[in-house]
Amino acid sequence: MNNANPIISINNVQKYFGTFKALDDVSLSVDAGQKVVVLGPSGSGKSTLLRTINKLEGINSGSIVVDGQDINDPANDINRIREEVGMVFQSFNLFRHKSVLENLTLAPIKLKKEPKEQADRRCLELLEKVGMVEKAASYPVQLSGGQQQRVAIARALAMKPKIMLFDEPTSALDPEMIGEVLDVMVTLAREGMTMVVVTHEMGFAREVADKVVFMDEGRIVEIAEPNQFFDQPVHKRTKLFLEQIL
Amino acid sequence: MGNKQVIIEVGDGAAIPSPRDKGLFTAWRISFFGTLAIIAYLLLFRPDPYLDIIKFLPDGIVVTFQVTIASISLAIVLGLIAGLGRISRNRLFNLAASTYIEIVRGIPLLVQLFYIYFALGHLIRVPDMLAAIIAMGFCYGAYMGEVFRAGIKSIDEGQTEASLSLGFNRSQTMRYVVLPQAWRTILPPVGNEFIALLKDTSLVSILAVSDILRRGREFASESFQYFETYTMVALIYLLITLILSKLLSILEDRLSHYEQR
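Chains as they are written, first to last, in the numbering used here: chain H, 1 to 246; chain Y, 1 to 261.
Some clues are possibly wrong.
List time: in silico DSS-like cross-link candidates among lysine-lysine, alpha-carbon distance up to 30 Å [to be verified]:
1. Lys113/H - Lys129/H
2. Lys160/H - Lys113/H
3. Lys112/H - Lys153/Y
4. Lys21/H - Lys239/H
5. Lys98/H - Lys55/H
6. Lys98/H - Lys246/Y
7. Lys116/H - Lys129/H
8. Lys153/Y - Lys98/H
9. Lys211/H - Lys98/H
10. Lys110/H - Lys153/Y
11. Lys239/H - Lys110/H
12. Lys153/Y - Lys199/Y
13. Lys21/H - Lys153/Y
14. Lys135/H - Lys160/H
15. Lys21/H - Lys98/H
16. Lys55/H - Lys246/Y
17. Lys129/H - Lys211/H
18. Lys113/H - Lys162/H
Some chain Y residues near chain H, calculated using beta-carbon distances under 8 Å [to be verified]:
19. Gln159
20. Ser165
21. Gly167
22. Phe168
23. Gln172
24. Val177
25. Gln181
With the Cβ distance kept under 7 Å, some of the chain Y side facing chain H (calculated, not the full set) [as the list claims (entries may be wrong)]:
26. Ser154
27. Gly158
28. Ala162
29. Leu166
30. Pro180
Calculated directly from the structure, the hints in this document are not laboratory data. Yeah, the Cβ is synthetic: ideal placement off N, Cα and C, and Gly gets one too.
Generate coordinates for the entire structure from the input sequences, incorporating the hints supplied.
Next comes the structure, spelled out in structure tokens:
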């Protein structure tokens, strides 16, 4: 926690939706290479917190520093910061008018001016990695949910991000497809990617997380290593949550 | 003008074939081949006066198309700007676009046509045809603005978020992600506007623009064959709009390729 140079530093963030307080004095820091899993009941603010990290949600007060840049400082170009921060959504959000390969190459070609042949080659390797290379020419509607999500992860990786954010990546999937997506995420974690993951997959949290963050009612209730979190939770609210889901 | 309620079909999958399109006898085929048959009959068995009438009209058809295509081009540009304005977070842009749409929709097209023609003529001498195109484009741009707005709104917000999260800014997101998808939704109502505009160009015959209707009026007033002339004028308009609506539905099918499993 007291690392001098965390790659993500969230400081005393408040966030309102109208009069509803979605985030209440939230502070969290993530070191490079760390995997942080955020747990909590629905409506606890965990997705909102994740979405503030790449400014899909603005904040009302506090600060968020990503890779040394205050993302809410107008002097910093949020679009360049977002290139460094990949995001995977619950509903995949693949570009429906683009083929699988084009979904991956669009941003590198347009934003990083990568030559098409090079982008194609590199992105095919990424598809290989998520086991989707044979579907490179397919369109998103032709894929299952699990396949779409694996492509979505590859699309985010195509920008060579330093950080990956996962917003309930398996919540919209049929149970038999959850495994294939988690496998890709575990592989990514082993390779040393910095990851912040909002999920309900406790097995994943236990296996992969360096620290588990538990949120309730817009506040961070508890931050702990997975073993301690699952076996010896400190707070009553955490115990109650774990009893309900396990 | 009639009512211009914009109906946007938001389909999740491939376009659902309308019941009209099933079987051998579709409404389109009956109308199209019926129209062709009547024209053929009139030309073969009543060449006098119909052959003379139809020889007199092609110049007008060309003018009608010129006015239609020029006006719709202007309308699409204005419509895109107005549509983007209506969804813009910039208050001034938003307000300007909304006001444009309010004003244009509140004035009958014929009145706008007269007004732009004479008001413009008051300031600078504008060729009749150009005045007609500006007036039609200006008016239809407002309706087109609503079509664009609805089309853009129909694209899931998740597409925008995914694009932003990759590092695209708002206008790149619009250009590379939202608009290419919105076309699929926008095309049918734009096509309908095109056909509606083509019919409404008959109003410009009042501004000394020699479109189909004005050519017809010229012929009728010389020959006193009003009934025959306007019959042919109506059949020509019908034939053109039927062909256009067919082309439009073919184009829609082509565009829907990525929606199909």
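Cross-check of the supplied hints:
For the hint pairing Lys113/H with Lys129/H, the CA-to-CA distance comes to about 23 Å; that is within 30 Å, so the pair holds. For the hint pairing Lys160/H with Lys113/H, the CA-to-CA distance comes to about 14 Å; that is within 30 Å, so the pair holds. For the proposed pair Lys112/H and Lys153/Y, the alpha carbon gap of about 29 Å is at most 30 Å, so the pair holds. With a C-alpha separation of about 24 Å, the suggested pairing of Lys21/H with Lys239/H holds against the 30 Å cut-off.
Distance check on the hinted pair: Lys98/H and Lys55/H sit about 25 Å apart at the alpha-carbon level, within 30 Å; holds. Annotation: proposed proximity of Lys98/H to Lys246/Y holds, straight-line Cα distance about 27 Å (limit 30 Å). For the hint pairing Lys116/H with Lys129/H, the CA-to-CA distance comes to about 20 Å; that is within 30 Å, so the pair holds. The hinted pair formed by Lys153/Y and Lys98/H meets the criterion: a straight-line CA distance of about 19 Å does not exceed 30 Å.
Between Lys211/H and Lys98/H, the direct Cα distance comes to roughly 37 Å. Violation of the 30 Å bound is thereby established for this hinted pair. Taken as a hint, the Lys110/H and Lys153/Y pair is honoured in the structure, with Cα atoms around 24 Å apart against an allowance of 30 Å. This hinted pair does not check out: Lys239/H and Lys110/H have alpha carbons roughly 48 Å apart, beyond 30 Å. Among the hinted pairs, Lys153/Y with Lys199/Y is consistent with the structure: their alpha-carbon atoms are about 29 Å apart, no more than 30 Å.
For the given pair, Lys21/H sits about 28 Å from Lys153/Y by alpha-carbon distance, which is consistent with the 30 Å threshold. As the CA atoms of Lys135/H and Lys160/H are separated by approximately 21 Å, the hinted pair is consistent with the 30 Å bound. Restraint check for Lys21/H and Lys98/H: the C-alpha separation of about 38 Å exceeds 30 Å, so the hint is violated. Proximity of Lys55/H to Lys246/Y is assessed by CA-CA distance (about 46 Å); at most 30 Å being required, the pair is judged violated.
Only pairs whose Cα atoms come within 30 Å are accepted, and Lys129/H paired with Lys211/H is accepted, the gap being roughly 26 Å. This hinted pair checks out: Lys113/H and Lys162/H have alpha carbons roughly 19 Å apart, not beyond 30 Å. The criterion of a C-beta within 8 Å of any C-beta in chain H is met by Gln159/Y, whose closest approach is roughly 6 Å, and the hint holds. Hint on Ser165/Y holds. Least Cβ distance to chain H is approximately 4 Å, under the 8 Å limit.
A hinted interface residue such as Gly167/Y counts as satisfied when its beta carbon comes closer than 8 Å to some beta carbon of chain H; here the least separation is about 4 Å, so the hint holds. Given the 8 Å rule on beta carbons, the hint for Phe168/Y holds: about 7 Å separates it from the nearest Cβ of chain H. The beta carbon of Gln172/Y comes within 7 Å of a beta carbon in chain H, closer than 8 Å, and the hint placing it at the interface holds. A hinted interface residue such as Val177/Y counts as satisfied when its beta carbon comes closer than 8 Å to some beta carbon of chain H; here the least separation is about 6 Å, so the hint holds.
Hint status for Gln181/Y: holds, given a least beta-carbon distance of 5 Å to chain H, under 8 Å. Below 7 Å, beta-carbon pairs count as interface contacts, and Ser154/Y has none with chain H, the closest being about 12 Å; its hint is therefore violated. For Gly158/Y, the interface hint holds, the least distance from its beta-carbon to any beta-carbon of chain H being 4 Å, beneath 7 Å. Checking Ala162/Y against chain H by beta carbon gives a least distance of about 4 Å; that is within 7 Å, so the hint holds.
Interface restraint check for Leu166/Y: the shortest CB-CB distance to chain H comes to about 4 Å, inside 7 Å, so the restraint holds. Given the 7 Å rule on beta carbons, the hint for Pro180/Y holds: about 5 Å separates it from the nearest Cβ of chain H.
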